[in-house]
Amino acid sequence: MKTETQNPYNANMARRAFLRYAGASTAVAGIMAMQSCSKDNSAYEEDGSGGGSGTVDVGSGDTGILNYAYALEQLEAAFYIQVVNSFAADFTSDERALFTDIRDHEVSHREFFKAALGSGAIKGLTPDFSKIDFSSRTSVLNAAKTFEDLGVAAYDGVAAKIQNPDYLVIAGKIVSVEARHAAVISNIRSQGSFVDTDQVDGSTGLNITLGPTKVVAAANLYLKTKISAKSFNF
Amino acid sequence: MNLFNIIEDIEKIDPELGDRINPRRNVIKNMASFGSKVAVAALPFAFSTLLKKAYGQTLPTSVVEVLNYALTLEYLEAEFYNQGRAQANLIPAADKSAYFDKISRDENNHVTFLQKALGSSATPKSAFTFDLTANGTFADVLTNYDTFLKVSVAFEDTGVRAYKGQVTALQSVPDILTAAVSIHAVEARHAAIARYVLNKKLNLGLKPWIVSTTTGNDTGIAAVNGNYEGEDNVSQGGVDLTKLPATGTSTSKASVTAAFDEPLTKNATLALLVGSFIKPKS
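Respectively, the protein sequence lines represent chains A and B.
Residues 1 to 234, numbered by the numbering used here, are exactly what the first sequence covers, in order.
Residues 1001 to 1282, numbered by the numbering used here, are exactly what the second sequence covers, in order.
No wet-lab data here; the hints were simulated from the structure.
A portion of the hints provided could be inaccurate.
List of simulated lysine to aspartate or glutamate pairs, EDC-like, C-alpha gap at most 20 Å [as the list claims (entries may be wrong)]:
1) K1201/B to D94/A
2) K1279/B to E1079/B
3) K1201/B to E95/A
4) K1266/B to E1065/B
Among the chain B residues that face chain A by a calculated CB cut under 7 Å, a handful are [what the hints assert, rightly or not]:
5) K1102
6) N1109
7) V1181
8) A1188
9) S1250
Glycine residues also receive a C-beta, built at the ideal position from the N, C-alpha and C atoms.
All chains, please: the whole structure from these sequences, using the hints.
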């Protein structure tokens, strides 16, 4: 902290101060415009070291965490858009309504992060859903459970690294909706499954959390544009 | 739960942690042998023991307050499900085994977890009397399954909001923040299921998520309007979600309010519960 006040010309620190200041004013949308004033303004990089050329790194600090969330929301939104565009024949009308709602929520999350990150946002990611049979209700439910449980574990796992309190609250607002999705999808897939041992620790009642290393590996199974989160090495 | 990360995290906030746990810091630096000898299942207990050792009575007062507040809410929820499950002919057997045995297990686990984290600072359950009817507002809550489900929905949705309202108060204790957001997610899982079961029973058109149109409250239970106040917010971090690019009805008020759950302050939550469901003993 002393460094920050004593070295006001340090670009990274100045950027962090900007982030804090902007957070306090609650104008998230304007943050990235300000950030672009700094010399090091690329919130993401594409390089060949993270798993093939074209890998998109989410960046560092709070911006990195927002981009990390943005990447996951892009994946979820793309998945549900495809599910709803070509529903497996044996989905009931109630299930279709739920999936359509979830699609809309994930699109909202995706568009929120895109707008909030502005010029600091990573690019649009191309998914790879070749492992999912969209004509099979079972295949779709399995994938949906994977994505929702992964999302909840990812948000919970990274929450304590978020510096800006406003971002932390917004992450909280989203993760509980992801948890609602996760519970309902899991219960449709197998009645009575919503807090199973792969979702909730049966001895503490705490949701399972995952750090970015495991989350990125899991997400990349469904992404043609690979992502990395090198600043979040846990 | 990664014990090594936890120690590192606490040390970032409190560089003297090692000294607090044991003046001989190498005991902590040699955590590898500790970790390998402690069964994974015992880690949460070992962790809370460690925390207690580290902070003892000096766990920041603000954190103790937040955890005791959470503990009070968990006492209420655990009491509600324990009593509900004990009533003959209240919860149908199929719903009990599929849903409420599990929800009850989690709530009781939350109580235990918070008590361990708080150690001797934990407020005992005996400090409160719980009135599950809320002074008669839900008089048949333990005899009428519909009422039981409605109160369950209100408790779970309120629990989600209450935890969310405390996250910024826990930023100085990252390990506790992670635990709190993880409990918060489990409350949200419960909330979705309680809503799902209530809707299946009464066909109310109730979704597993909170859909706000005119007011925040979508449950049709007027007595809990206050529990949903503010859920109709459509703006996040200065971004109006109804004006973003749309797919389907993603920019409708119904959808954007469902896509983001809202927090509730401690004072607002306590005002809703204390004096009705929760009565401190004098």
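The hints, checked one at a time:
no., hint, verdict
1, K1201/B to D94/A, "14 Å, holds"
2, K1279/B to E1079/B, "13 Å, holds"
3, K1201/B to E95/A, "16 Å, holds"
4, K1266/B to E1065/B, "10 Å, holds"
5, K1102, "5 Å, holds"
6, N1109, "3 Å, holds"
7, V1181, "5 Å, holds"
8, A1188, "4 Å, holds"
9, S1250, "4 Å, holds"
The structure fails none of the hints (numbered hints given earlier).
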